[in-house]
Amino acid sequence: MTTQTPLLEMKDVKISFTSSTGVVEAVRGIDMTIYPGQSVAIVGESGSGKSTAAMSILGLLPGTGKVTGGQILFNGEDITGLNDKEMQKYRGSEIGLVPQDPMSNLNPVWRVGTQVAESLRANNVVKGSAVGDRVAELLEEAGLPDAQRRARQYPHEYSGGMRQRALIAIGLAARPKLLIADEPTSALDVTVQKRILDHLEGLTEELGTAVLFITHDLGLAAERAEHLVVMHRGRIVESGPSLQILRDPQHPYTRRLVKAAPSLASARIQSALAAGVESTELVAHGREGKQEEVIRVENLTKIFGENKAVDDVSFTVRKGTTLALVGESGSGKSTVANMVLNLLDPTSGKVFYKGTDLSTLSNKELFDMRRKMQVVFQNPYGSLDPMFSIYRCIEEPLALHGVGSRKEREARVAELLDMVAMPRSAMRRFPNELSGGQRQRIAIARALALRPEVLVLDEAVSALDVLVQNQIIRLLAELQEELDLSYLFITHDLAVVRQTADDIVVMKQGAIVEQGTSDEVFADPKEEYTRDLINSVPGLNIELGTGENLGLVE
Amino acid sequence: MPDINRNVANPAGEDDILAESKLQLRPGQDHYIAETDETGLGAVDAVADESAPSSMWGEAWRNLRRRPLFWVSALLILVAVLMSLFPQLFTSIDPRACTLSNSLADPQPGHPFGFDRQGCDIYARTIYGARASVAVGILTTALVVLIGTAIGALAGFFGGILDTLLSRLTDIFFAIPLVLAAIVVMQMFKDYRTILTVVLVLGLFGWTNIARITRGAVMSVKNEEYVTAARALGASRMKILSSHIMPNAAAPIIVYATVALGTFIVAEATLSFLGIGLPPTIVSWGGDISAAQASLRTKPMVLFYPAMALALTVLSFIMLGDVVRDALDPKARKR
Amino acid sequence: MLRYIGRRLLQMIPVFFGATLLIYALVFLMPGDPVQALGGDRGLSEAARARIEAEYNLDKPFIVQYLLYLKGILTLDFGTTFSGQPVADVMARAFPVTIKLAVMALVFEAFFGIIFGVIAGVRRGGIFDSTVLVMSLIVIAVPSFVIGFVLQFLVGVKWGILPVTVGSRETFTALLMPAVVLGAVSFAYVLRLTRQSVSENLRADYVRTARAKGLSGGQVMSRHVLRNSLIPVATFLGADLGALMGGAIVTEGIFAINGVGGTIYQAIIKGEPTTVVSFTTVLVIVYIVANLVVDLIYAVLDPRIRYA
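So the sequences go chain by chain: E, L and S.
According to my numbering, the first sequence is numbered sequentially starting from 21.
According to my numbering, the second sequence is numbered sequentially starting from 48.
According to my numbering, the third sequence is numbered sequentially starting from 2.
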């Protein structure tokens with residue numbers, strides 16, 4: 021294979037933002053090369069500077085962002101710090117963008133077809149009359165059937181996956197040589213994600229487009245990119261062939277990431293199991309002996325108007341174990357959780373707590389029941405009242421249920437903060453001062469205040485960065501052992517499930533598709549949908565070894 | 048690499064990627080590893096313990112403190128309030144001591160603003176006039192906030208029929224022009240015109256905006272996850288409304304109320320101009336401006352002073368509202 | 002779309018009844034003895050009083066009077082004043098000039114408010130922005146009649162550019178100053194709203210996507226930023242028409258315009274309930290119609306609403 025001239029070169033690029041408090045360096049000197057037709061991924065957590073670096077290529081830095089050092093060369097031409105007018109030549113026709121959030125990236129008042137046509141016209145791709153047909157062709161190419169009709173619709177009439185395809189059509193409309201894909205599928209269901217990424221891969225291979233993926237998902241990066249760049253706090257810590265890095269990371273930060281990423285952990289767990297080796301990454305193991313029932317759900321159904329959100333669902337949660345309720349959007353899993361928590365009344369069916377039918381309880385008894393079952397929600401930025409100090413947040417359940425005197429409650433709050441590994445001084449702080457992971461710890465502390473036996477974790481770790489997510493998962497596992505808690509884990513992330521769940525229930529459009537122990541379902545998925553779901557997790561199927569070299573195996 | 052039996056199919060590109068990695072790596076893409084000390088690895092997710100705790104209000108206050116416009120408006124408001132509470136601090140002249148022989152006389156020592164048509168000292172009247180305007184402003188705003196937040200909160204929180212009823216009620220009051228209704232009612236109270244009647248009139252027809260804003264704020268807060276969390280803890284609806292929803296909905300209400308205060312002062316002046324505001328026995332800027340119409344061509348300064356005082360007071364409240372809104376802007380807050 | 006408009010229409014019906022009832026009740030409570038006024042300065046005999054009362058339905062209970070009045074409205078019979086003039090005639094004379102005035106004010110506030118607002122929004126934090134912001138605050142803070150006086154004095158009397166008062170010469174030039182005074186406060190609101198809207202939309206994600214396509218700055222501005230920013234402004238302007246007409250009292254007073262405001266004011270002072278109620282009812286109808294038109298405009302501009 022001959023060496024070619026690089027398509028994109030970034031040499032010691034530095035980017036800063038100016039705010040009222042001073043200058044912040046978001047990117048501190050990075051070097052990167054992309055060759056024609058190649059796929060490269062930049063991986064990092066939030067704040068790593070990956071999106072900033074990518075946007076600087078197009079000259080689309082937000083707000084006060086500026087490239088303050090280094091060079092960006094495209095096809096040998098220096099495009100660093102070109103003004104808007106000069107950049108227009110490159111945008112769309114040479115370098116394309118597929119942005120992250122499909123809803124906010126499409127103008128709600130224009131038809132989708134019009135927005136695709138804009139790209140064609142701005143880059144003089146086709147003559148006036150041919151535009152309409154070309155738009156339909158492009159939409160179809162991106163995977164949207166019935167393209168002529170779809171082109172005349174508005175973005176809010178599309179589903180999330182369809183909007184992303186529309187954005188892909190727009191990005192590739194003028195056949196750029198380089199396509200920048202900024203977290204192109206993170207807002208989508210995992211099966212949709214796989215289909216779209218496969219499609220994108222096919223398209224770009226056919227067209228010879230180079231793709232630069234920005235992602236936080238290591239598995240995705242491994243699957244879709246040959247070259248990997250790992251960023252942390254504005255610098256590149258490691259870069260090279262993606263598989264090599266993921267099998268054998270050298271830099272301490274990369275090692276942390278690789279060890280913590282759930283999809284990679286799951287891949288390693290599978291390998292270890294198959295090799296008959298004991299993997300320490302399996303958080304939930306050895307609990308086949310626990311058979312006592314704590315929550316039982318029988319024929320639970322919920323109908324909203326004409327929509328059957330939950331259809332005859334039954335399962336049992338064993339005491340001291342974790343049951344994962346897995347499904348994509350519209351599967352009804354959250355609705356089931358709300359009914360278990362008695363935040364929603366079922367249309368039919370029953371929920372039993374230790375044999376007691378919840379629907380037979382009086383209001384007072386239900387109020388007392390709340391002490392046994394608590395919940396931790398997904399959005400750390402929404403589940404704590406910004407007006408409440410951390411102390412008040414955790415104290416609220418104690419106050420509501422009249423537990424203990426003022427002094428006793430203070431002591432309990434301090435105890436809870438210890439339990440979730442937060443400093444006691446955090447009591448005086450407010451939610452807006454804490455990070456996402458820290459807020460989730462507070463949410464967990466609040467949920468544990470009344471000494472519940474069951475915790476419902478509604479996508480509780482889905483919104484967190486990989487390393488933080490890993491910390492919280494380990495914390496939850498410790499607490500489960502210590503306090504003999506039972507978890508009902510609602511999630512769409514199968515990779516996390518592999519590590520943490522004893523039992524799995526797979527839901528689709530309100531009904532149960534498959535259920536069994538975690539080992540059973542992963543080793544031998546019986547239903548096609550389950551197989552689909554497992555195969556769609558990016559990185560789950562990559563051969564990464566058992567994790568021996570990372571010290572993860574006994 | 049051990050050969051593993053797999054139950055799931057290999058994705059297509061994997062073999063190619065494996066093959067490629069065995070080839071020579073291209074320039075700029077060899078396996079690069081950064082120096083550890085270069086990249087400053089910290090503990091994951093440490094809590095910053097050095098700074099003092101700060102709530103949303105605390106942050107807003109710090110933001111506010113730094114804005115010169117805040118201090119300017121706060122100062123003006125302070126002066127206006129002082130003038131209305133303790134006019135004696137500013138002048139010893141009786142605003143009602145008027146001698147016709149001084150009618151429209153020019154400024155003299157001890158009488159910096161001159162005299163109006165009735166022969167009253169303009170400076171004294173400007174000082175004493177603050178009371179009426181500030182009182183009307185504050186009392187009306189209090190009344191309007193009381194009525195409007197109650198209606199808006201109930202409509203927004205409970206929804207359903209209550210919302211429909213209250214929203215239609217709001218629409219009905221909205222449909223009637225404020226000045227018109229004020230004229231009609233003031234005419235009714237022809238013989239009982241006091242500050243309180245003016246406050247009542249303006250308040251009775253001026254609550255609709257606050258009601259709408261409150262309703263909107265409550266409806267958006269109602270859907271926040273911390274409200275669901277409170278329900279899951281077992282909190283009753285009233286508890287949720289009072290401890291979670293209202294404090295979080297307060298911000299837009301406060302901003303609007305501050306600006307509204309200013310507009311109510313202007314409204315009172317407008318009523319006086321139309322002859323149906325405060326009676327001439329009460330010293331008010333609106334009344335003085337109205338009376339100064341007749342002398343506009345000859346002595347425009349008679350109009351100028353009360354008008355200036357009014358405008359500055361109103362301006363200070365509106366500026367304060369603007370500045371507070373910017374300080375409370377969630378996009379400007381960290382995180 | 003039709004369902005949306007239909008629903009809004011349905012909501013406006015109770016508003017119509019409620020508002021007219023409220024005004025009717027308020028006016029009904031107005032002091033003054035209309036019968037006495039009709040009878041003139043001489044005393045009235047019992048028989049004469051009874052006759053007048055029967056003629057004007059003043060002897061019937063309040064609710065009946067209200068319903069009779071409503072029936073009249075629906076048949077376009079607005080009753081008569083106590084001097085025998087059909088209120089409809091009074092309206093025909095007063096409304097046209099106020100409508101002209103309100104429309105001119107609307108055009109003024111829309112044109113200048115939007116242009117200044119866009120420039121301020123684009124160059125947020127610049128000199129133009131700061132100047133314009135301060136200016137808008139002053140306009141809101143200074144009562145409109147003061148602005149009216151000052152302008153009248155300077156432009157009319159001192160410099161003699163425009164006519165000082167309007168009276169019966171309801172020409173475009175004569176109405177120019179009053180229109181500016183009437184529209185001044187709304188101009189400030191339009192400016193601030195446009196500025197806020199533009200500044201927010203400039204930072205929107207879809208604007209970044211538009212730029213990434215290679216669109217020129219001007220195209221991004223017109224097709225994306227302005228198009229979206231003007232939606233809330235358009236709805237404000239639509240609703241403002243009714244407010245302008247109802248709030249013209251002060252301006253009409255200063256510039257001696259024989260419009261709706263002046264007529265209502267006289268009618269209130271003189272104790273002519275029929276006139277007051279009729280005029281107000283028409284204003285309420287204008288308000289309701291304007292709101293419906295605004296809803297229509299909103300649905301046209303924002304496709305998401307059409308399916309709500």
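FYI, nobody ran anything at the bench for these hints, they're computed from the structure.
Positions of the beta carbon are idealized from the N, C-alpha and C atoms, including for glycine.
Mixed in with the good hints, there may be bad ones.
[Unchecked claim] Each computed DSS-like pair below joins lysine-lysine, with the alpha-carbon atoms no more than 25 Å apart: (1) K310/E with K339/E; (2) K271/S with K237/L; (3) K346/L with K271/S; (4) K310/E with K384/E; (5) K427/E with K286/L; (6) K339/E with K370/E; (7) K392/E with K374/E; (8) K392/E with K286/L; (9) K392/E with K310/E; (10) K286/L with K384/E.
[What the hints assert, rightly or not] Simulated restraints, written as ranges between beta carbons of each label pair: (11) G206/L with R471/E: 28 to 36 Å; (12) F63/S with S349/E: 56 to 64 Å; (13) K310/E with L11/S: 28 to 36 Å.
[Said to hold, decoys possible] Incomplete in silico selection of chain E near chain S, CB under 8 Å: (14) T25; (15) L78; (16) L117; (17) V129; (18) Y401.
For each hint, the structure was consulted:
| no. | hint | verdict |
| --- | --- | --- |
| 1 | K310/E with K339/E | 7 Å, holds |
| 2 | K271/S with K237/L | 13 Å, holds |
| 3 | K346/L with K271/S | 33 Å, violated |
| 4 | K310/E with K384/E | 31 Å, violated |
| 5 | K427/E with K286/L | 23 Å, holds |
| 6 | K339/E with K370/E | 19 Å, holds |
| 7 | K392/E with K374/E | 11 Å, holds |
| 8 | K392/E with K286/L | 21 Å, holds |
| 9 | K392/E with K310/E | 19 Å, holds |
| 10 | K286/L with K384/E | 16 Å, holds |
| 11 | G206/L with R471/E: 28 to 36 Å | 35 Å, holds |
| 12 | F63/S with S349/E: 56 to 64 Å | 58 Å, holds |
| 13 | K310/E with L11/S: 28 to 36 Å | 59 Å, violated |
| 14 | T25 | 24 Å, violated |
| 15 | L78 | 6 Å, holds |
| 16 | L117 | 4 Å, holds |
| 17 | V129 | 6 Å, holds |
| 18 | Y401 | 19 Å, violated |
The structure shown violates the earlier hints numbered 3, 4, 13, 14, 18.
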